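**Q** Start from chain A and add chain B according to the hints.
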Amino acid sequence: MAEIGRISIRLPSSIKQGDVIRVRSSVVHPMELVQRDKQGTIIRKNYNFIEAMSVTYNGKGVMRAETTQAVSQNPIFTFLLKVDRPGKLTVNFADTTGKTYEGNAEIKFT
Amino acid sequence: MAIADLVKTKLMISRRVFLRAVMGLIGVAASAGDVATNTYAWAQAGLSGLPLPDEAVDATLKRLFGNRSFQRGDDKIKVELPQIAEDGGNVAITIDSSLPVSGAAHVNHIYIISDKNRRPMIAKFSFTPESGKALVATQIRLATSTDVRAIAEMNDGTLYAVSKPVRVTISGCDLPPQG
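Listed in order, the protein sequences are those of chains A and B.
Per the numbering used here, residue 1 is the first one in the first sequence, and the count goes up by one each step.
Per the numbering used here, residue 1 is the first one in the second sequence, and the count goes up by one each step.
The following block holds chain A by itself, in its conformation from the complex (with noise of 0.2 Å):
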């Protein structure tokens, strides 16, 4: 899984000032899931799962999201966002692991 942390991000074919935009966004992530043994107890470990994500437009949060372990296996996030100025759109994610993953796109007025 050489792609863990990919990040797309999908946008409108057109967008207009002051529009609320619907942005959906994915990532590459196992998520993890609790491990039991024949018993039925839980194998203890360090789970990798995406805990923390979290959205900005030119700097400013736009929408911020913790996550457990019961989202899905690469998930994806739809999300609004009101655009009132062409601007940089980051979406940031944070696992278990201490790793970070950031995707980026350009928003521009059509």
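In short, the hints are calculated from the structure, not lab data.
Note that the coordinates shown come from a computational prediction; the quantities given were computed from them, not determined experimentally.
Don't take every hint at face value.
In silico PhoX-like pairs for lysine-lysine, Cα to Cα no more than 20 Å straight-line [what the hints assert, rightly or not]: (1) A:K16 <-> B:K133; (2) A:K82 <-> B:K133; (3) B:K78 <-> B:K133; (4) A:K60 <-> B:K133.
Derived DEER-like restraints, expressed as beta-carbon distance ranges [what the hints assert, rightly or not]: (5) B:I170 <-> A:E106: 39 to 45 Å; (6) B:R68 <-> A:K16: 19 to 25 Å; (7) A:I42 <-> B:N67: 15 to 21 Å.
Note that beta-carbon positions come from the ideal geometry of N, C-alpha and C, so glycine has one too.
**A** Structure of chain B alone, referenced to chain A:
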């Protein structure tokens, strides 16, 4: 010391991370007599990815919201979920709220909670005025047929709750036993 460092290095020092650190301390203290297994695990694991104990949904609600009561939010929050989810590992959920994200009374957080998952807390979303509107969509794992709750927390602490049943054909949380 190690825990303080860990918390500092996190992207955001969330309540959950902090709680986990605290629970880690308790775990280490409680297992002082059992050095070989537990202490090792806590020390090894950087704390935040460690499995937490199972919890009933009432305990989760109590932990998150204390004794605050819930108001019916059916007219304020719309939850879109399939009636029957074939694969519990990947259930699409959309939460669309007509509550404002700015102004005097606005929504701060939306929680997704599944009643019958072993750990009912699924995700917490926080909004700012830049969001324009409180809408999120994601994909969640459900262990079994269950009610899924969406709870919106306003800036004054008011809670609006909606719950919706889902039938799950294949559990999304059970891996085959290891070893």
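**Q** Each of the hints needs a verdict: does it hold here or not?
**A** Hints versus structure:
no., hint, in the structure
1, A:K16 <-> B:K133, "17 Å, holds"
2, A:K82 <-> B:K133, "8 Å, holds"
3, B:K78 <-> B:K133, "13 Å, holds"
4, A:K60 <-> B:K133, "16 Å, holds"
5, B:I170 <-> A:E106: 39 to 45 Å, "40 Å, holds"
6, B:R68 <-> A:K16: 19 to 25 Å, "41 Å, violated"
7, A:I42 <-> B:N67: 15 to 21 Å, "30 Å, violated"
When held up to the earlier numbered hints, the structure conflicts with 6, 7 and fits the remainder.
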